[in-house]
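2 protein chains.
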Amino acid sequence: MISWSSLYHVVEAMMPLYAAMALGYASVRKKAFTPEQCAGINHFVALLAVPLLIFRMISSNNPYTMNIRFLAADTLQKVIILAALAAWARFSKNGSIAWVITLFSLATLPNTVLMGVPVLRGMYGPMSENLMVQIVVLQFVVWYVLVVFLFEYMAAQNAFMEQQQMPPPQANGSHSVDILAVNADGSDPDVSIAQEETTRPSGMLILVMAVKKILKIPSTYASLLGLFWSLIAFRFGIKMPAIIDNSLSIISVSAIGLGMFSVGTFMARRKKFITCGYYLAVLAMVMRFLIGPIVMLVSSFAVGLHGVFLNVGVVQAALPLAVLSFVYAEEYNVHPDIMSTGVIMGIFISVPLTILYYVLLGLRR
Amino acid sequence: MISWSSLYHVVEAMMPLYAAMALGYASVRKKAFTPEQCAGINHFVALLAVPLLIFRMISSNNPYTMNIRFLAADTLQKVIILAALAAWARFSKNGSIAWVITLFSLATLPNTVLMGVPVLRGMYGPMSENLMVQIVVLQFVVWYVLVVFLFEYMAAQNAFMEQQQMPPPQANGSHSVDILAVNADGSDPDVSIAQEETTRPSGMLILVMAVKKILKIPSTYASLLGLFWSLIAFRFGIKMPAIIDNSLSIISVSAIGLGMFSVGTFMARRKKFITCGYYLAVLAMVMRFLIGPIVMLVSSFAVGLHGVFLNVGVVQAALPLAVLSFVYAEEYNVHPDIMSTGVIMGIFISVPLTILYYVLLGLRR
Chain A
3 MISWSSLYHV
13 VEAMMPLYAA
23 MALGYASVRK
33 KAFTPEQCAG
43 INHFVALLAV
53 PLLIFRMISS
63 NNPYTMNIRF
73 LAADTLQKVI
83 ILAALAAWAR
93 FSKNGSIAWV
103 ITLFSLATLP
113 NTVLMGVPVL
123 RGMYGPMSEN
133 LMVQIVVLQF
143 VVWYVLVVFL
153 FEYMAAQNAF
163 MEQQQMPPPQ
173 ANGSHSVDIL
183 AVNADGSDPD
193 VSIAQEETTR
203 PSGMLILVMA
213 VKKILKIPST
223 YASLLGLFWS
233 LIAFRFGIKM
243 PAIIDNSLSI
253 ISVSAIGLGM
263 FSVGTFMARR
273 KKFITCGYYL
283 AVLAMVMRFL
293 IGPIVMLVSS
303 FAVGLHGVFL
313 NVGVVQAALP
323 LAVLSFVYAE
333 EYNVHPDIMS
343 TGVIMGIFIS
353 VPLTILYYVL
363 LGLRR
Chain B
3 MISWSSLYHV
13 VEAMMPLYAA
23 MALGYASVRK
33 KAFTPEQCAG
43 INHFVALLAV
53 PLLIFRMISS
63 NNPYTMNIRF
73 LAADTLQKVI
83 ILAALAAWAR
93 FSKNGSIAWV
103 ITLFSLATLP
113 NTVLMGVPVL
123 RGMYGPMSEN
133 LMVQIVVLQF
143 VVWYVLVVFL
153 FEYMAAQNAF
163 MEQQQMPPPQ
173 ANGSHSVDIL
183 AVNADGSDPD
193 VSIAQEETTR
203 PSGMLILVMA
213 VKKILKIPST
223 YASLLGLFWS
233 LIAFRFGIKM
243 PAIIDNSLSI
253 ISVSAIGLGM
263 FSVGTFMARR
273 KKFITCGYYL
283 AVLAMVMRFL
293 IGPIVMLVSS
303 FAVGLHGVFL
313 NVGVVQAALP
323 LAVLSFVYAE
333 EYNVHPDIMS
343 TGVIMGIFIS
353 VPLTILYYVL
363 LGLRR
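Line by line, the protein sequences give chains A and B. As numbered in this note's numbering, residues 3 to 367 make up the first sequence, in order. As numbered in this note's numbering, residues 3 to 367 make up the second sequence, in order.
Please keep in mind that the hints were generated in silico from the structure rather than gathered at the bench. Since the model is a prediction, treat every value here as computed from it, not as a measurement. Here a beta-carbon is modelled for each residue, glycine too, at the ideal position from N, C-alpha and C. Possibly wrong hints are sitting among the right ones.
Said to hold, decoys possible - With a straight-line cut-off of 20 Å between C-alpha atoms, the simulated PhoX-like cross-links for lysine-lysine are:
| hint | chain 1 | residue 1 | chain 2 | residue 2 |
| --- | --- | --- | --- | --- |
| 1 | B | K274 | B | K33 |
| 2 | A | K218 | B | K33 |
| 3 | A | K218 | B | K32 |
| 4 | A | K32 | B | K274 |
| 5 | A | K274 | A | K32 |
Stated by the list, open to error - To be clear about the criterion: a stretch of chain B counts as covered by chain A if any three or more of its residues have a C-beta under 8 Å from a C-beta of chain A, and this derived list gives those stretches:
| hint | stretch |
| --- | --- |
| 6 | 18-30 |
| 7 | 44-57 |
| 8 | 235-248 |
| 9 | 251-257 |
| 10 | 260-266 |
As the list claims (entries may be wrong) - Partial list, computed: chain A residues near chain B (C-beta under 8 Å):
| hint | residue |
| --- | --- |
| 11 | E14 |
| 12 | A22 |
| 13 | P128 |
| 14 | Y155 |
| 15 | N248 |
| 16 | I253 |
Sequences are here, hints too, so could you generate the full structure?
Quick look at the structure:
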């Protein structure tokens, strides 16, 4: 059973995140910050603070003691959902790659870095932080690469179908939060190279484009470098010198506060919270908070994951949508309205829902 | 005697500050951030991060156990220097209020919040953090009020002498770091009201203007509110609830890293490091790193301050110049070139000099 005091700990862990977000929202609404100033803070978060946080998280995590069963459950959840969506796309006349990507992102890509680590630590203690880090590694090294690959494949396919008669969809970053996007001015020179270089989609070329694109994202670098360091450091018992670790952490400690602040400024700059209509908003919430966690629960049983590991797995699957998923959706112009609604509504709905999952899972003991 | 290991601790405490500054410098030089984006980060630091840090520092400091002798030494140092400068201004034909303010700021206003607390903690442990906080209280509640009063007095006097025939000096915030300045667009509607409302300087009116101006600075609010809270909390044994403290700290932890980052971007946006000529640069360094600490040493002996308290007092007096002093100098257009040089050169010179003072003071035991 969950005690009132442990429930209070969860609220205590979530409250600062919402306080930082509310401060960002109020700052823009009270005109204390101009849109350009918000862009500066957001760019700092995306380019420096979050990548440094990810590097510190992953580099201090022992890769030789990773919980294979836990990661298998997480992987199985994503594979099941992807397979189901692919089958639907193949056999239904409404199916399309665009919807596969959107529904897959909604169901399987939660906000692990900014919200996952602090909230789960509040719920299940420092051990769960370690589990979250393992999910972060896979998220950046495998799953975002796949999502970008699908986006690039779709873009190439469209270019082929349109015989380069229509202009390719343009990235529109003016209203976006570029958490983990890359250039100072929001532009991305490579976004439509796939369309230009090929007249029919070639799997290999598209993969190369996707990897090139992914390698421009500081968080991907940070994940790979962190993994590389941890593989060496934990193999040979090398410790990061305190002077270097402190130099990284002086910036990385700002990531969560500034990241949530930035999400708040993003909300304040949108005209409406729900931009995609109520039907699609409900669909987005069902994918995020029902399908995702339930498939995670099934996957966990399937691989024999038990106890607190199962709980951490399910609760993290019920976190709000990752902001990065919205950034890509806007960049490739694939249902950005749904993803924006998913991020914003998700943050509000997640408070009762995440706590509900936490309490329900606590009843099992 | 100072051991090698304690010297390493000092370097360990200073290094992250310089790493954050170097990152800010490199980010601007590599064009990863536009000037507007830098302004956004800087504005966040000035409006939210530093004031919240100051509030947390002061509100958690027990005002009933303040070290009166330590504060007396700090106060005496400032009074001696101010009296000497005032006498010089009265009896020398080169003397002026402008030079009194500039030399007083150079000699007595170190960077206590961003650098003082972490560096002194590295040198003398957590106890010195507490002493630094006590100096921060006086700095914001007394000394900056005095400096702004003198600036306003001078502005009013100039307005009187010029019979409002010449336009008043305009604030030029385009290149400044607005650490503790106030508006999003850098404007300050009240800056020349003193000149408009009076045709001859009236002490009372000028004081009111100065206090009004000071009360617009978030750090002053934060100091007063923090002091108010601590007076009540430590009187009646009230503790700040963890949920509120965490909500404040999620933003305040970013202050030191982002503050130093912001100083780095400020350096990168200046065309030259030394903008006031070598003679004045040397004068600035002598005031900051020789006169200030030596008068602090004399004052400490005068009030009978001994041991580690004396050491903390002298070393903090040899920290780099406070960035806020430069901000005011630029706003009132009183020797901004000297103050800019003072901030930038001071940061580089302070590493060997602060350590030298630390070692020399350590020899006394």
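Hint-by-hint comparison with the structure:
no. : hint               : in the structure
1   : K274(B) <-> K33(B) : 18 Å, holds
2   : K218(A) <-> K33(B) : 16 Å, holds
3   : K218(A) <-> K32(B) : 16 Å, holds
4   : K32(A) <-> K274(B) : 37 Å, violated
5   : K274(A) <-> K32(A) : 17 Å, holds
6   : 18-30              : holds (count 6)
7   : 44-57              : holds (count 4)
8   : 235-248            : holds (count 3)
9   : 251-257            : holds (count 5)
10  : 260-266            : holds (count 3)
11  : E14                : 5 Å, holds
12  : A22                : 5 Å, holds
13  : P128               : 16 Å, violated
14  : Y155               : 30 Å, violated
15  : N248               : 4 Å, holds
16  : I253               : 5 Å, holds
Hint compliance for this structure: hints 4, 13, 14 are not met, and every other hint is.
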